[in-house]
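So the protein sequences, as listed, match chains A and B. Residues in the first sequence are numbered from 37 upward in steps of one, following the numbering used here. Residues in the second sequence are numbered from 37 upward in steps of one, following the numbering used here.
Derived by calculation from the structure, the hints in this document are not laboratory data. Heads up, some of the hints might be wrong.
No copy is singled out in the list; a pair is fine if it fits within one copy or between any two copies.
Simulated pairs of lysine to aspartate or glutamate, EDC-like, Cα-Cα distance not exceeding 16 Å [to be verified]:
hint, residue 1, residue 2
1, K195, D114
2, K381, D282
3, K124, E349
4, K126, E349
5, K94, D326
6, K126, E158
7, K286, D50
8, K124, E43
Protein chains: 2
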Amino acid sequence: MIISQLETPALILDLDIFAENLQAMDSLLKGSKAKLRPHYKSHKCTYIAHRQIEAGAKGITCAKLGEAEDLAQSGIKDILIANQIVQKSKIVRLAQLAKTCKLTVCVDNADNIADLSRMASEAGSVIYCLVEFDIGMKRCGVSDFETFYRLAAKIDSAKNLVFEGIQAYAGHLSHETDDLFRAAEVEKLEIRVLDLKKYLLERKLPVREISGGSTGTVQQKAQNGVYTEIQAGSYIFMDQTYRGLDTVFKNGLFLVSTVISTHPDRFILDAGIKSCSPDQGMPGVMKYPDCEIAMNEEHAVVRANSHNAVLGESVLLVPGHCCSTINLYDQIYLVRGKEVVDRIKVTSRGKNV
Amino acid sequence: MIISQLETPALILDLDIFAENLQAMDSLLKGSKAKLRPHYKSHKCTYIAHRQIEAGAKGITCAKLGEAEDLAQSGIKDILIANQIVQKSKIVRLAQLAKTCKLTVCVDNADNIADLSRMASEAGSVIYCLVEFDIGMKRCGVSDFETFYRLAAKIDSAKNLVFEGIQAYAGHLSHETDDLFRAAEVEKLEIRVLDLKKYLLERKLPVREISGGSTGTVQQKAQNGVYTEIQAGSYIFMDQTYRGLDTVFKNGLFLVSTVISTHPDRFILDAGIKSCSPDQGMPGVMKYPDCEIAMNEEHAVVRANSHNAVLGESVLLVPGHCCSTINLYDQIYLVRGKEVVDRIKVTSRGKNV
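This is chain A alone, in the form it adopts within the complex (with noise of 0.2 Å):
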């Protein structure tokens, strides 16, 4: 079977570019201090978490405690859940689930610290523990050295967890395309980071890992050697949302849709906001880098006056967000060329639970 033979909307992960970006992020990391462990989230395939292990990721980072399963049920043997895990059930299932892999969490609560301990202690398992430091983003997390040392204090204390070091994820940088300013911003938080884990260590707490980074800013962290895990997700498929980035990695991940219906003014494909997120902006149409494109549910109407589009065409689209737009199909199709070769389960599609 060829692309334009698929049943559309279908997405397609180009296994060259694939592997081309597995290969660039090695590269990037070799000689650095930084270790990848790529997040899961962007990809939800646990075929895709073992090829990144296969290529030299230290681990896998998830989003979700029903990720965290899926992955350690496929044999991976250490995850990071980058997210705090409050309800009661849901932290007997996490306390379950570390008896079968190393699992680490974030925490920024003292209450959450007693709940975790208790039911891994009950459990038999060890949990390990981030704190989280806000750098920023405004979310989870806690601002100040004092707060951050109780709370790793209390982590250290407490029974059948272990402190395992600082989670500093800087989300609003991922996507600056200014260089020079995104260096500056990744720089001054670093300092601050370092800062953090001199206060922790003078009080007689090491850090072992500094974990966060994404694809926007791995290049820089890779260089200078403060975090020692890189949580980048999208750089095994890249999207529209990255264009403007100057980075090796390329856009391997399309969404194949069909010309539905054609006017003198415009063409409707059958791919809407059901099949192509639209939560950071529209997809890109590969033909024509420069048509207006908008989206509904179910269809998206293109303006690229320069083309003539037939009905039953196939147009190529780079999703606007490759993390969300995964989140809406049960498989990707795997092409090599215009050969389909085969296809693989989005394994946690939906596990937001």
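Dock chain B against the given chain A, drawing on the hints supplied.
Same frame as chain A, now just chain B:
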């Protein structure tokens, strides 16, 4: 189990409000020439489609062939795909499906009509066709009477096809909150549709169905009596996008989330854009209608100064857009008061092919 014991994020449907909305729609259409053909895209649950049929709907509207297949397999006998089906392999599926139910599809292209006729003939089935009339959306559909007539006549003379009437959907008016403006616009386009009907009748092509309409326009369409079918979808759930509309329908679909991090100036919920589609804006927060809310992939950041959130607290959200949010979930919990009484499958979640 009660609602606050659900692992979150979770979608719940209030059964009492669901019943009220079904009843309210039945009352609106009582005595009208217009019959209800509710849109499946808003719920994608065959369970709900059957409740709509029991409450008086003549059949179901859907957007995708995969949805139509799910509906037919669940026993729905009268299905309209309010969309163009163009890929050859899909038309083969369509022609097969037409053996199992009364199946109607939209068309706006002569080549497509030829394909539909040929494959219905080969399958030995009959496919009913609405020609799509563009009344202002500038998406699919033809906008002049003569082209419409030529397509309708081609269907009328084609083997194994039946010309059923006019699809005329004004999606751009669904959320119009200015009652007078909306009413004037609906009236204008209904006059144009009536003129088209007359034009076709003069050429010996009687129009059996005029199909379209939405939750935002159903009341007026029921009174005017021009449309024979109303494709309203959101009325059973409602959502935050409809908040400005003066309507008899009530919010019955909610997203249960949990506070996973607390701060003096904000609290963080475990529901982001992968749990609550942002395509038509942010969700409403039930307890704090005037708060500010922003979302990342798996987080919502809420600023509600009046409120001191407690870690683990359960917070109900009204989805920004019910149709796209439903498409992120495999199941909906049914609740009565605070009790969870059952759960249903989102049968056609992700059925975009």
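For each hint, the structure was consulted:
1. With identical chains, the CA atoms of K195 and D114 are never at most 16 Å apart, being 21 Å at best within one copy and 62 Å at best between copies.
2. In this homomeric assembly, K381 and D282 never come within 16 Å of each other (Cα to Cα): the closest approach is 31 Å inside a single copy and 44 Å across copies.
3. Proximity of K124 and E349 under a CA criterion of 16 Å is satisfied inter-copy only: 12 Å between copies versus 52 Å inside one chain copy.
4. Proximity of K126 to E349 under the C-alpha cut-off of 16 Å is restricted to the inter-copy arrangement: shortest distance 14 Å between copies versus 47 Å within a copy.
5. Proximity of K94 to D326 under the C-alpha cut-off of 16 Å is found in neither arrangement, the shortest distances being 40 Å within a copy and 45 Å between copies.
6. Taking the closest pair of Cα atoms, K126 and E158 come within 16 Å of each other only inside a single copy of the chain (14 Å); across copies the shortest separation is 54 Å, beyond that limit.
7. Taking identical chains as interchangeable, the C-alpha atoms of K286 and D50 lie at most 16 Å apart only when both belong to the same chain, with a minimum of 10 Å there against 46 Å between chains.
8. Taking CA atoms no more than 16 Å apart as the test, K124 paired with E43 passes between copies only; the shortest distance there is 9 Å, against 43 Å inside one copy.
The structure fails to meet hints 1, 2, 5 from the earlier list, while all remaining hints are met.
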